[in-house]
Each structure stands twice: as structure tokens, then as C-alpha cells.
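Asks: Spelled out from the first residue to the last, the chains are:
2 protein chains.
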Amino acid sequence: MAERAIAVDLGGTNLRVALVGRDGTIPSRQSVPTPGGGPDAVIERMVALIGEIAAGAGERALPVGVAIPGPLDPATGVVAYTPNLPGWRRFPLGETLRSHLGRPARLVNDGNSAAVGEARFGAAKGCRDLVYLALGTGVGGGIITGGRLIEGSTGLAGEVGHVTVALDGGRCTCGAVGCLETFAAGWAIKRDAGLVAATAEGRRLRELAGDGPVTPALVAVAALEGDPAATRLLARAGRALGAAMGVFVNLFNPTLIVVGGGIAGLGEPLLGPAAAAVADHCFPLARAAVRIERSALGDDTALLGAAALALDA
Amino acid sequence: MAERAIAVDLGGTNLRVALVGRDGTIPSRQSVPTPGGGPDAVIERMVALIGEIAAGAGERALPVGVAIPGPLDPATGVVAYTPNLPGWRRFPLGETLRSHLGRPARLVNDGNSAAVGEARFGAAKGCRDLVYLALGTGVGGGIITGGRLIEGSTGLAGEVGHVTVALDGGRCTCGAVGCLETFAAGWAIKRDAGLVAATAEGRRLRELAGDGPVTPALVAVAALEGDPAATRLLARAGRALGAAMGVFVNLFNPTLIVVGGGIAGLGEPLLGPAAAAVADHCFPLARAAVRIERSALGDDTALLGAAALALDA
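Those protein sequence lines, which keep their order, are chains A and B.
When we follow this note's numbering, the leftmost residue of the first sequence carries the number -11, and every step to the right adds one.
When we follow this note's numbering, the leftmost residue of the second sequence carries the number -11, and every step to the right adds one.
Hints in this document: simulated from the structure, not taken from any laboratory.
Backbone N, C-alpha and C define an ideal beta-carbon position, used for all residues, glycine too.
There's no promise every hint is true.
[Stated by the list, open to error] Coverage of chain A stretches by chain B, computed from C-beta distances (three or more under 8 Å per stretch; other residues unrestricted):
# : segment
1 : 94 to 104
2 : 263 to 273
[To be verified] Counterexamples of contact, computed for chain B against chain A with all Cβ distances above 10 Å:
# : residue
3 : Ala42
4 : Pro80
5 : Pro92
6 : Glu139
7 : Pro242
8 : Glu281
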């Protein structure tokens, strides 16, 4: 049984490769801007970095886990598409990596990978039933139940940002209607903030933004100062987040919901109303069994999850 | 490995006990009205029937599975409460049965049990990723992912009728807000039908009901005749059902959603709009992987699931 794995986190901005120990330590790592120009350039660089890390570790055949920013089928290794990377539609990444590496790699969606990272090394260490929510520009995450990652029949499960909380809500980036993401994603909060800032009660938001956009972080600053419009704006997003958490509590009866990503950093003005709203959307007994916590792993969550899955494979 | 099990389905109306083969056949069964007066009377009768069935089978130590109409913790055997049976709050059924039977029984919530029954013997036979929805007076069901029943950290998972689909919706029997059940349960459709029947466009519903209540079945009859009010009423319930199915598709990426229970019998006026609405509430790729089917097991779904779980234990 391998004691170390090589983990890859392929992001829209950076390609990161690391040596990860079974205990979650990261003895070495490399990070480069994700090469443009489609899968071939990315894979060439990825394979080179894996080779460098393996050489440094003095072991050629370490297990490899790769976190991908989009849906993929772990059984076939085919990436369905990657919203933030061009050219990856129906791309046979599993086959391609196997031919380059001479052995299979464990592929996983990055939200799912992050859930595994949290369960193995993070806020949810040792936890067998948890939901991980990554609140960023979009809303991603993953679900672990009975100690196992939910991947679904074709690897598309765990889309926790795309649960309908408003039957007649707004249109989402995914094409569907009323998703959690349409309330609590960075893009949704920014859109709402721009609209509110343009009104009579948007004075403080306009002052804070100056010539720039009204970012979610600025809305949180205004809310913490007591600005009523900013407070209401984040409370509405928080209520939707709480409703979704209630859905997860009733479906999974988890011991932990872990909230990560930049938007979780908005803190109390968002997460307070979310925590309060949960009670209106789930059974009291199941709610009594769950805690809601902030992620403690930062940017390494998906990387660590990919390593854990590679070590388990 | 046992080839047969004794399954118990404790319902609010009937207590049913059956001998079930590994292939889903039911060589013998008994059904009696559920005794009133609390757990002791029920358990006495249940144990007696288990004994009769075991004697008839010529085997004393067959595994026993019991489906319970309420949440329970399979690890501790404690029934949290049973909405339709008095006196079962925090009742240690596992311990009590063990002392009567001389061996442990596998306890399971009846919605979860029905999901297992469908996966093992029903519409979803052989399916590893499915959601079962029991549309009755309330909405129950269960979830199987990767071949395993989701029970959660304290046995409360799988409450598929109590997912919020309307952030600001109506109050549910569970105390929460905007659950699927507030739209698509028998009680909700009946309540809505009563309100609509009292209006100017409720003439046909009033005619069909005569001196009785406007039941969901009568609404379906009116809708199939083309009555506009009845059609819209069931279409609205169907849209909420479709939104919830979309949520399940995005979270579980199942190959099958099985719909059972009396309300599923309303047919096309409810299930047509539901199937159409799914597309507005999930990713196209995940939707392409799922079929929606009616249950074929009828009343035996939970009984068969309890047997399957007992045989697996």
C-alpha cells in the first residue's frame, strides 16, 4: 500500500501538482499558470510536473489523483466539459493520462475531491457523513455518506450548488431555474449588489466601490458597518443557503456541513442568516445531529482529496 | 447464508408479516389490523406472528427485518417517533425485539425499506443508483447510491418528501417550509382541491364529489375530462414534483427515479407536468442518464426491502 501519492489540481487559473503523504502532509509542490490552448498543452505540462515530483520523491510509480474543474465519468475517464477551460468537451483524459504515465490515474470532479479532502484531513476529519459547499464565483462541493463519496451512475452527482430552492426563481449559469447558486454564488451577490448600489439606498455601497465594481467583499464590509441595504442583500442570499443546507440535512443526515470558498469569507452577514434559516427547512432531530463549520484547508482541499482517492484506489 | 427471511411491515393501519425468499417470492404471509394501545400490544402481536411464520417455514432462526413508519436509528434500534402510531416516542424497539426473539432484527424506516425493495425486486431491479418516491397522504421514500442505502449519521436520511422547493412556500406537516410535500402530497392536493372546488370554476369538482370530499382521485378524473381548474391544480403539484426530481438528479445522478403510492396513480395529469419540469431543474447530461418509472411492487415494496436488508445483514 502506497504511503504517498501525487495529486493534481487542474484549475482554470493554476495547474498544481503535489506530493502528498497519507497523513496529509505536502513535502513538495509545484504550481504554474494553467497553459492555454486546450487539453494537449495542459496534459503535456501536467505529465512533466508529475514526472518532476516523482523524480524528487525517488519513486516512479506513485498513485496519481487528478481533480478536474468539471463533470467527468470516473468509470470511463471521459471529461464531459469544463466550464472554465476551453476545448475539454468529451475529452478522454483517463485514456490519455494512462498512455502518458503508463498507469491509470484516479480522476475526480474538484468539488467532490474537496469533500474527500475535508473528510480526510480538514474540518470533517474522520467524519463519515458530510456535505462540503464551496461558495466561490459559482457554488460547488460534494457529498460523503457512510464514509463514501457520492459520484452517481455517470460521475455527475454531488452538484450541491444546483439544488432548486425556488421553484419560480431566476435562471442559473447551468441553464436551470432557482438553483442555490442563483442566490449565493459570487456572481449572484455581485449582480444583486450592482442593482442595489444604483438605488437611493445604495449610497454606502457606491462610496466603498469608488470607480470599481461592487464586489461581494464590499457588500460584507457595508453590512458589518450596519448598512441596511447590504445587510438585507446578504441575508437573502443566506436564507437561500440555509434552505439548501436544510435540504442536505433531510436527505443525508450528516454530522457536518463544511462551508469553504471565498464567499464563505463574507462571514456573519451571510452565514448568520443561513444558520438561522436551516431550522425552517429540515427535521429538528436531524438538525440536532449536524454542525455547520468553515473550511480550514484553504486552497489545498481538492488537492488533498485527489491524493486520498488515489491512495484508496 | 440464509435463503429466506421474515419481513415485518408495521403500518398505521395494518401489521404485516411475511416469509420472503432471496428471490423475492413470498411463500406465506399474514396481515392483521395494527393493534391499538401503544408499542407493547403491537410488539406482542408482531412477535407472535413472527413465531407462526417461522414455525410454518420449519426454521426457528431466520433473519428478521422490520420496516417502521417513522424515523429510527438503525445503530441503536431506537425509534424516534411514529407520526401515525401513538406511544412510540424514543422507543427502544431493537432491544425489545432482541429480548423477545433471542436475536437482533434489522430495523429500517419504511420509506428507505421500500427503496431497497424497488432496487432488489422491483422497477429498479439491479439498479445501483435510484431514488424512490412514495406519493401517498404524505411523501416518503429513500435513496440508494452506489448500491447502498443512504441512512445518514443517525438513521434520519432519505427524507425525499421534505426537500424545500419553495424558499417562501407553505408550512409542511413536518413543521418546515416549502417542502415538496406541501405541493404533491395527498393532503396538499386534497386541501387545494377543496379550495378550488368552492370557486366559480370548481363546478365539475363539486359535481364529482357530491356530498363527499374532493379527493385527489376525483381531481384526476376531472383533469382527464379536460376540466381546466383540475388540470392546473395537478400541473402545479407536478411542477413541484419535477423540481424535486431535478434536485435528486443533480445530487445523485441516478439511473432511475421510481414513483409509487396512491398519488402516483393520478397518472398523466400529475406525472406529465412533473416529467416536463425536470428539465428546468437539473443538468442536461445527468437528466439524459435517468428514467422515471412507476412502481410495480404495490403494497409489498417495504416488506420486500426489509427482507432484503435482513438477508444482507
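Asks: The structure should be examined with respect to each hint, and the outcome stated for every one.
Replies: Hints, verified against the model:
1. 94 to 104: violated (count 0)
2. 263 to 273: Contact hint for the segment 263 to 273 of chain A vs chain B: holds, 6 residues under 8 Å.
3. Ala42: holds (31 Å)
4. Pro80: Its Cβ never comes within 10 Å of chain A, the nearest being 16 Å, so this holds.
5. Pro92: Correct as stated: the minimum Cβ-Cβ distance to chain A is 20 Å, above 10 Å.
6. Glu139: violated (7 Å)
7. Pro242: Check fails; 6 Å does not lie beyond 10 Å.
8. Glu281: holds (15 Å)
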